[in-house]
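4 protein chains.
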Amino acid sequence: MTQRRPRILIWNEFRHERMNPAVAALYPQGIHEALAGPLRAAGLEVSTATLDDPGHGLAEDRLDGIDTLVWWGHKAHAEVPDEAVDRVRKRVTEQGMGLVALHSSHFSKPFLALMGTGCFLKYRIAGEKERLWVVDPGHPVAAGISDCIELDHEEMYGEPFDVPPPDDLVFLSWFQGGEVFRSGCGWRRGLGRVFYFRPGHETYPTYHHPQIQRVILNAVHWAARPEGLEAPVRGRRETPLEPLG
Amino acid sequence: MTQRRPRILIWNEFRHERMNPAVAALYPQGIHEALAGPLRAAGLEVSTATLDDPGHGLAEDRLDGIDTLVWWGHKAHAEVPDEAVDRVRKRVTEQGMGLVALHSSHFSKPFLALMGTGCFLKYRIAGEKERLWVVDPGHPVAAGISDCIELDHEEMYGEPFDVPPPDDLVFLSWFQGGEVFRSGCGWRRGLGRVFYFRPGHETYPTYHHPQIQRVILNAVHWAARPEGLEAPVRGRRETPLEPLG
Amino acid sequence: MTQRRPRILIWNEFRHERMNPAVAALYPQGIHEALAGPLRAAGLEVSTATLDDPGHGLAEDRLDGIDTLVWWGHKAHAEVPDEAVDRVRKRVTEQGMGLVALHSSHFSKPFLALMGTGCFLKYRIAGEKERLWVVDPGHPVAAGISDCIELDHEEMYGEPFDVPPPDDLVFLSWFQGGEVFRSGCGWRRGLGRVFYFRPGHETYPTYHHPQIQRVILNAVHWAARPEGLEAPVRGRRETPLEPLG
Amino acid sequence: MTQRRPRILIWNEFRHERMNPAVAALYPQGIHEALAGPLRAAGLEVSTATLDDPGHGLAEDRLDGIDTLVWWGHKAHAEVPDEAVDRVRKRVTEQGMGLVALHSSHFSKPFLALMGTGCFLKYRIAGEKERLWVVDPGHPVAAGISDCIELDHEEMYGEPFDVPPPDDLVFLSWFQGGEVFRSGCGWRRGLGRVFYFRPGHETYPTYHHPQIQRVILNAVHWAARPEGLEAPVRGRRETPLEPLG
Chain D
1 MTQRRPRILI
11 WNEFRHERMN
21 PAVAALYPQG
31 IHEALAGPLR
41 AAGLEVSTAT
51 LDDPGHGLAE
61 DRLDGIDTLV
71 WWGHKAHAEV
81 PDEAVDRVRK
91 RVTEQGMGLV
101 ALHSSHFSKP
111 FLALMGTGCF
121 LKYRIAGEKE
131 RLWVVDPGHP
141 VAAGISDCIE
151 LDHEEMYGEP
161 FDVPPPDDLV
171 FLSWFQGGEV
181 FRSGCGWRRG
191 LGRVFYFRPG
201 HETYPTYHHP
211 QIQRVILNAV
221 HWAARPEGLE
231 APVRGRRETP
241 LEPLG
Chain R
1 MTQRRPRILI
11 WNEFRHERMN
21 PAVAALYPQG
31 IHEALAGPLR
41 AAGLEVSTAT
51 LDDPGHGLAE
61 DRLDGIDTLV
71 WWGHKAHAEV
81 PDEAVDRVRK
91 RVTEQGMGLV
101 ALHSSHFSKP
111 FLALMGTGCF
121 LKYRIAGEKE
131 RLWVVDPGHP
141 VAAGISDCIE
151 LDHEEMYGEP
161 FDVPPPDDLV
171 FLSWFQGGEV
181 FRSGCGWRRG
191 LGRVFYFRPG
201 HETYPTYHHP
211 QIQRVILNAV
221 HWAARPEGLE
231 APVRGRRETP
241 LEPLG
Chain W
1 MTQRRPRILI
11 WNEFRHERMN
21 PAVAALYPQG
31 IHEALAGPLR
41 AAGLEVSTAT
51 LDDPGHGLAE
61 DRLDGIDTLV
71 WWGHKAHAEV
81 PDEAVDRVRK
91 RVTEQGMGLV
101 ALHSSHFSKP
111 FLALMGTGCF
121 LKYRIAGEKE
131 RLWVVDPGHP
141 VAAGISDCIE
151 LDHEEMYGEP
161 FDVPPPDDLV
171 FLSWFQGGEV
181 FRSGCGWRRG
191 LGRVFYFRPG
201 HETYPTYHHP
211 QIQRVILNAV
221 HWAARPEGLE
231 APVRGRRETP
241 LEPLG
Chain Z
1 MTQRRPRILI
11 WNEFRHERMN
21 PAVAALYPQG
31 IHEALAGPLR
41 AAGLEVSTAT
51 LDDPGHGLAE
61 DRLDGIDTLV
71 WWGHKAHAEV
81 PDEAVDRVRK
91 RVTEQGMGLV
101 ALHSSHFSKP
111 FLALMGTGCF
121 LKYRIAGEKE
131 RLWVVDPGHP
141 VAAGISDCIE
151 LDHEEMYGEP
161 FDVPPPDDLV
171 FLSWFQGGEV
181 FRSGCGWRRG
191 LGRVFYFRPG
201 HETYPTYHHP
211 QIQRVILNAV
221 HWAARPEGLE
231 APVRGRRETP
241 LEPLG
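Respectively, the protein sequence lines represent chains D, R, W and Z. Residues 1 to 245 in the UniProt record's numbering are what the first sequence lists, from first letter to last. Residues 1 to 245 in the UniProt record's numbering are what the second sequence lists, from first letter to last. Residues 1 to 245 in the UniProt record's numbering are what the third sequence lists, from first letter to last. Residues 1 to 245 in the UniProt record's numbering are what the fourth sequence lists, from first letter to last.
One should not assume that every hint holds.
Coverage of chain Z stretches by chain W, computed from C-beta distances (three or more under 8 angstroms per stretch; other residues unrestricted) [unchecked claim]:
1) 85 to 99
2) 119 to 126
3) 175 to 182
Okay, the calculated bits of chain R under chain D, using three or more residues with CB under 8 angstroms as the criterion [unchecked claim]:
4) 88 to 100
5) 113 to 127
6) 154 to 163
7) 167 to 177
8) 184 to 195
9) 231 to 238
So, partial list: chain W residues that the calculated Cβ filter (under 10 angstroms) puts toward chain R [unchecked claim]:
10) K129
11) A142
12) A231
13) L241
Since the hints were made in silico from the structure, they are not lab data. Note that the coordinates shown come from a computational prediction; the quantities given were computed from them, not determined experimentally. Even for Gly, the Cβ is constructed at its ideal location relative to N, Cα and C.
Using the sequences and the hints, build the whole thing.
This is how it looks when you write it as structure tokens:
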């Protein structure tokens, strides 16, 4: 079982960075490039796409051969066309592509379609302290993270988080303002895997934090299309395997 | 914790019964009435609706106050309008209505929307024997069922069943022709619960079987909107509960 | 499905109350009586037992007919004999008795035996504030609780909590000192159910809090032996149900 | 994330092979060597141990550095001393060692201790046909297996299988005699993982079947101690991370 080099596509809405100088100062090349750097440094094959690319950056040829799709969106979810959403959803459930949804992508159309719930939560933008506690230290997505990750300033997300019960729960967040949140959750959907990771409001330098980068690297590996994946047999089976006496 | 009398709506496509004399002979008043009888006999408040009713039988006023919606559909899934599907999905996730999806309803639009996967499976119509084995004897949906339910003639459904990992797995089916299937599965979705129960191809008298009727009664109770349900607090929380530094 | 009146046994170590005046002042009749009051007021049939009763309060005749056993222990876990532990464990897995383990009972022998893990956690006794957030508002154990329960002074328990992934996760705790904890967790074990509820350090008046009492009432109902439970068929099955070859 | 070469210990009771010529004919070097061959061929570092070795083959130095322990036992479960069982259990939950329990090892003491349930099931030795169907085709343990594995002659195991709800369900078995079984189940326990794989009665050549060997190879990898595992922080935390104002 030799491990192939995963191919990653990072999709970013890429609007805040172009309209808000404070965000541009934090992410001059865009959040997608900030996310791509550490993954490239770890030896992954990484391409990027943005909402304003041709085909919204989600044409078939952009998705072909991708093992994990990383998604960051916030204010323009509605501009992603439903055909593209269905394309992404089917790549996950029918071909085993992984999806790593970051922060406000809890409201992105592909994540909503895969969850089947409203994905509502509480939120507050007050630059408060967040601590992400490891609840499953043996989980691959927690590899290299000991005890907790501390972020000095983040947006608050609070429970209840309206998602299906996660198949894997890796991180819980504590917020200075008094709330908690399931910040690192995994789900199996069809042949693929989905991971949601909470941190990353655009006005904070979260994606420059080495431990946040490590978790995203772990999640990208965990969610990647598994080796030796066999396409399942489906549909009509005329002939029984046993005599029907 | 006194138990209120659950209000049930049984929705049936009601096409086979009107077009196929063999089905009409088994279910002269329609599958919905065959399902309603035992639930009424158990003291539940039961109404029925069909695809060809005004508003496709799914107008707001038909759904108001319903604790569990039972769904049977097969060949006309596409005729259910998306607005109605979204209405049903939100009643489950945002108001706690239960959904019990029967047999070919694995491909019904509300079930697909709540699962987020393709819900594919194998199938064969050969009138073969099915045994539904109880795998979780302590589960309320298995109440009154000892060991297994035997059906002389049913359609075969085979794995892999393309659904999210069930939160509750209650029954596994054995088929004479050589396949197996997760025939009784429960999921929590938002405030509500969804139960899928496999048996019930229209050309067999499955819904007249007392143990099948008992499982559906159990499932309708299990999925029903819980007592004392509190609508969750969501959205913007301007004021922190604790002072921010 | 008429609901029978559940029979509850509350087992309490009952040592702190007799040795520590501060605890005696909070729970003059013992924690078991403080827990019993609200359950009796809700119409349940409640008996109590303590470590120093004959047979450690866990003789067969004390357990006969019990639907849910509530357990509070702290410093004398080791004094509970292994035969009694095995008796309790088998009542849960083989007869469907519920177990509700409170606070420091995470280290009680019956809970450890049912979990199979070390059940380790972090702790700090500093009288800090705790908030228990509802993460699954549709869950029966959260019935009547809106948003969160606030306790002014409690012991802190922190993640990672070394238990198997809960089948049901209902509450998450926020602590003033910076930690979080999965404070309300359910598991299915054999024919029975186990619920762990975190609050209740003996030096705080936690069990006099109406919302804490409501959660314990909910948990006792949720864990109770299900109606119509059928003892599963096991062991050697000489005769196949179908002809071989 | 380079993948280290996992170190495997295969523990076998090794009694049937020495007492029953029919079993010796199938497994002349013992079941442990039959299991070791394909794992060695796949490049894993494999050692073996048996019940009659010094320290029952389970001394600390045999377990040191082991990433996955494979276990086969049947008639001599009781001869494994409780200290050794506790040693194995703690290696899994506290150090992340994987455990792959095969066939009649559902009644082995380490598996029972990790499950917390009775692990009862139905059985019949009649040399009937078994089909293991893949229910989760995207799961790493199903890698390389398409649709189902067919075994001409095996012992029957039937539901209900008295184990906690699996965190991962990969295979379901169909038996010619009419029963079904959850034949491939995974659980997370503490820092480690446990996989149960059903086939392998000693009087059949099951472990010579290439697809069965592939599943065991997959399971050994899946269960292996994860890379970058951080020992969790536990116990007393004197100092709060935040002021308790």
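Exercise for the section: Mind listing which of the numbered hints don't hold for this structure, in increasing order? Expected result: When the structure is compared with the hints, none of them turns out to be violated.
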